[in-house]
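Asker: What follows is each chain in one-letter form.
There are 4 protein chains.
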Amino acid sequence: MEPTCSPAPKPQAKAPAYKLTSRVTHPQNSLIPLGSFVIGGPEFIIMAGPCSVEADPQMLGTAWDVKVAGAHIIRGGAFKPRSSPYSFQGLAEEGLKKLASARELTGLAIVTEVMDSTDVDLVSSYADILQVGARNAQNFSLLKRLGQLNKPILLKRGLMNTVEEFLCSAEYILAGGNPNVILCERGIRTFETSTRNTLDLSSVLAIKEKSHLPVIVDPSHASGKAHYVAPLSKAALAVGADGLMIEVHCDPANALCDGEESLNPEQFKELMLTLKDLAPHFGRQISTIANHNPQLAENA
Amino acid sequence: MEPTCSPAPKPQAKAPAYKLTSRVTHPQNSLIPLGSFVIGGPEFIIMAGPCSVEADPQMLGTAWDVKVAGAHIIRGGAFKPRSSPYSFQGLAEEGLKKLASARELTGLAIVTEVMDSTDVDLVSSYADILQVGARNAQNFSLLKRLGQLNKPILLKRGLMNTVEEFLCSAEYILAGGNPNVILCERGIRTFETSTRNTLDLSSVLAIKEKSHLPVIVDPSHASGKAHYVAPLSKAALAVGADGLMIEVHCDPANALCDGEESLNPEQFKELMLTLKDLAPHFGRQISTIANHNPQLAENA
Amino acid sequence: MEPTCSPAPKPQAKAPAYKLTSRVTHPQNSLIPLGSFVIGGPEFIIMAGPCSVEADPQMLGTAWDVKVAGAHIIRGGAFKPRSSPYSFQGLAEEGLKKLASARELTGLAIVTEVMDSTDVDLVSSYADILQVGARNAQNFSLLKRLGQLNKPILLKRGLMNTVEEFLCSAEYILAGGNPNVILCERGIRTFETSTRNTLDLSSVLAIKEKSHLPVIVDPSHASGKAHYVAPLSKAALAVGADGLMIEVHCDPANALCDGEESLNPEQFKELMLTLKDLAPHFGRQISTIANHNPQLAENA
Amino acid sequence: MEPTCSPAPKPQAKAPAYKLTSRVTHPQNSLIPLGSFVIGGPEFIIMAGPCSVEADPQMLGTAWDVKVAGAHIIRGGAFKPRSSPYSFQGLAEEGLKKLASARELTGLAIVTEVMDSTDVDLVSSYADILQVGARNAQNFSLLKRLGQLNKPILLKRGLMNTVEEFLCSAEYILAGGNPNVILCERGIRTFETSTRNTLDLSSVLAIKEKSHLPVIVDPSHASGKAHYVAPLSKAALAVGADGLMIEVHCDPANALCDGEESLNPEQFKELMLTLKDLAPHFGRQISTIANHNPQLAENA
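Residue numbers (the working numbering), protein chains in the order written: chain A, 1 to 300; chain B, 1 to 300; chain C, 1 to 300; chain D, 1 to 300.
Hints may contain errors.
Repeated chains share a single entry, so a pair holds when one copy, or any two copies, can fit it.
[What the hints assert, rightly or not] The calculated lysine-lysine pairs, modelled on DSS-like cross-linking and capped at a C-alpha distance of 30 Å, are:
1. K19 - K269
2. K144 - K97
3. K225 - K19
4. K67 - K144
5. K67 - K97
6. K67 - K151
7. K269 - K225
8. K144 - K269
9. K97 - K19
10. K19 - K67
11. K151 - K269
12. K67 - K225
13. K269 - K67
The set of hints was computed from the structure by calculation and includes no laboratory data.
Chain A with its partners taken away, still in its complex shape (with noise of 0.2 Å):
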């Protein structure tokens, strides 16, 4: 089944500055290839993993539990963009080949954050998606140098983008000649607190209305509480995103980063077999995780 998406817009006679991104030049989607899976069609794409690589049985550990789940993407930080220098900054090229390690592992791509230009050419020589963080979503010159990759670049929109900026942020990696492009929602600042971001769904529905591009939703940073990442993940599926990002920790108490909002393997495993069962309702499909019984569902 067709992924229901907002309906195009009427052609419209003069594209917008973010020409390439937008639907007036490209009005069907764009299916972009992750590993053995592509994004922008029926399937969910699950991106999962730590927010940080950390020691090998925890990076290897979490990597297999994610994959047995149902996730399509391994994700893991390496480079760390942390508000302090005094944090933890990740384990940088260490970090890396753990990640290849849990690609071997799986058998399943990943996608890692690269922080500055004069790391793109190592990151991209061991993830197969490359992450520009929200923090990072103006960094012009680093959007242009992964403009001159092929490889899917996964682009956070900023915390205080409007979606037009966010739209103009892709255009620079398009217009450097890389089409392989998926956005994210992970959340806005505002003046609320009781979450660490405010989700912003509405903005998958105006991204899909002015552009081709594949968007998925990270309801971990968004919230920053492990306990909304389930129903924000079901609200992301009904609003037709195209996926989600999930953090998962082995034993989120003890996490380098971000525990608070991570699931632990269990949780997460439970959240895939809600969302296998709910897709199909939103022209979706999850073909990772083996028909079930559906009334099983909670016992798998």
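Let chain A serve as the given structure and place chains B, C and D on it in line with the hints.
Answerer: Showing chains B, C and D alone in chain A's frame:
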């Protein structure tokens, strides 16, 4: 099936400022009678109708259409809060009478906004449910007055109110002696301009975690775009809201206000059928619509 | 010396929604009588007093102190808008009587908040100037009622109101027949938490560009920090505001509300002397303070 | 006369995350050499110049004009951060050369933006002061690289950064070994649209309370309106900022970017004379302008 909401927080030693509103003092979900229905339970409550009550054919026709489509409650504004004093201010008592006619025609309860404590007697002589608009969310005098009634109060979140402030506003009504408060998330004001407001679905989770009061979502005022209403409605159901408020107008292009965000009766009916089918997957039901083609419906 | 304000905009063909409030229909600055003073002219008007009227010694003592220090108008809250229903709500009519005593003692006019249209008759029987609080900035019923008076109305900008909405709120009062509106910038709500609100001094410029109404600044409520009040007051004078509203309490540590942002009488007096000296450099004067040591004062 | 700043906070037992940036570890104001001047002391430092370096006559002409008017530092952008990849990106090294010519002509130091760690070597070979733009305020890789230099870094506050985050970004540079950081408040993003950003002058107070680093204000980018620059500049001086960054263009109507917010040389000269006269009243001086007859100030 009981509605699934966020797990109740572990009992806290100390109740917050919003004592009566808080789950600490009232751990069970509140069930509030609305006409012949109950909100806060399995029934996913839909309030629908035009932004403003206009001429009789419009109000009665729209009321009939939304009832046939399965709405539980009729809405319509007789007293309109307009930014400018020169905009249409509403039909006042004339509008209340038309709403009463709509109730007589359809058998459905009516909800309408009361803007001032001086109007409470008048409005409550007609309305079954009184609504406090977003711009009056901290009109404490009005809230105190409504606390003296028994009728249900639909309290909209202020454009700029945190969830904490929202619950404190509810507390004014409960502290006055009226426990029948339904909260409504209708979007908050942020820097983003692609939607009229930014719908904050996470607030539904925060509210249900902190309070026992039912909470509905108004995707019409939140987005300001008719074609966003259906997907946002599904997302609201998915995140665990207790219902929706939807603007419906028999002729949106000629509505006296909010035409761009109103559904026409055909679109509303289609949305209701979709929600009917989806509801059971989220622990809800819409019993006002008969079961129809089994291939379109899961077994409720 | 005439106060220097932003140059009037070139005449526009079409008046905006806030017609009477706009400079297009009224190019000259409005001069509004306040007690024995006039605001909107060269005199830099200072309104000062406690957040809430408390017991007699406090109100009368503080009133005397601020008068001696050069304030033009006494403020004090008898009806307090509190987020929580359990917080001190104000002394109501008892408080109004104490304010009247303060007027009798000092000879200065009093300004106090009216929260509801049902209180307008009572409050206007005591107050010289009626204040609309930030949370009632779009309480259109209240604004309409105040439009029926002749007394000056001090209208505070809503926490989340644009300048356009602010001027439309003023329009409700002018459209009712009352031209005596003084606007007050008191900070807007943003994501920044180092201050209680974010003081938006640019709004003074936007207001003076679009409207003829006088505008004062409330640095106390804006910052929430007593030690920020003096520098923000000087900045407000420098940007071209017509005056200030300052919270002063004889014993801030024991104030019933807003103690952290209140100046004590000594601090207030010191601030007044500083403003007295600075005023002529910005086209203003404070005539309520006698010229003092020439080395501390520029020639006025 | 020593600059008057907010009183240092009482010594705290525990330093915040931004240790080296904090007044707890460094109670005295930092004095940072900028060219032949020092910022953080009594001299009110003015950085002025066009948004972008354009053709030679423009850059050299404007540089000369601002020097004659009393500016301390020349600014100009050679690498421009533009939301859209199709907008003018700056003259790059060609622009740096023109800036160097401007330095040679005027004897004034130059400040220019560096957008990427790969450009640091190139830009620092020309510039005296390197600027980090608002959209790179949390480009941690860039901040780390700049921490390895000795040259002064002008760090702009991010559009959506709290003061805490701003100081943590500065900490990256100090932690790298470079103590020469000047902070710049340039407005934050809010819901208000009458100005391009919302200038947050209170942040100057918060910064000076928490940190020893000097802080200047950029009223040009904050307001986006040339006719707001003068009053906001005066307000910045009054609130206690250590200086200003002002956009000046010899022909604003034809500027390649930011024309609406640029002053022409005549307006800039007039503003400098006004600031010269006002500075001593706020504990500052502008020694680059000869003392003149204040009564002739407008005629100069």
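Asker: So which of those numbered hints doesn't the model satisfy?
Answerer: Hints 1, 4, 8, 9 and 10 contradicted; others consistent.
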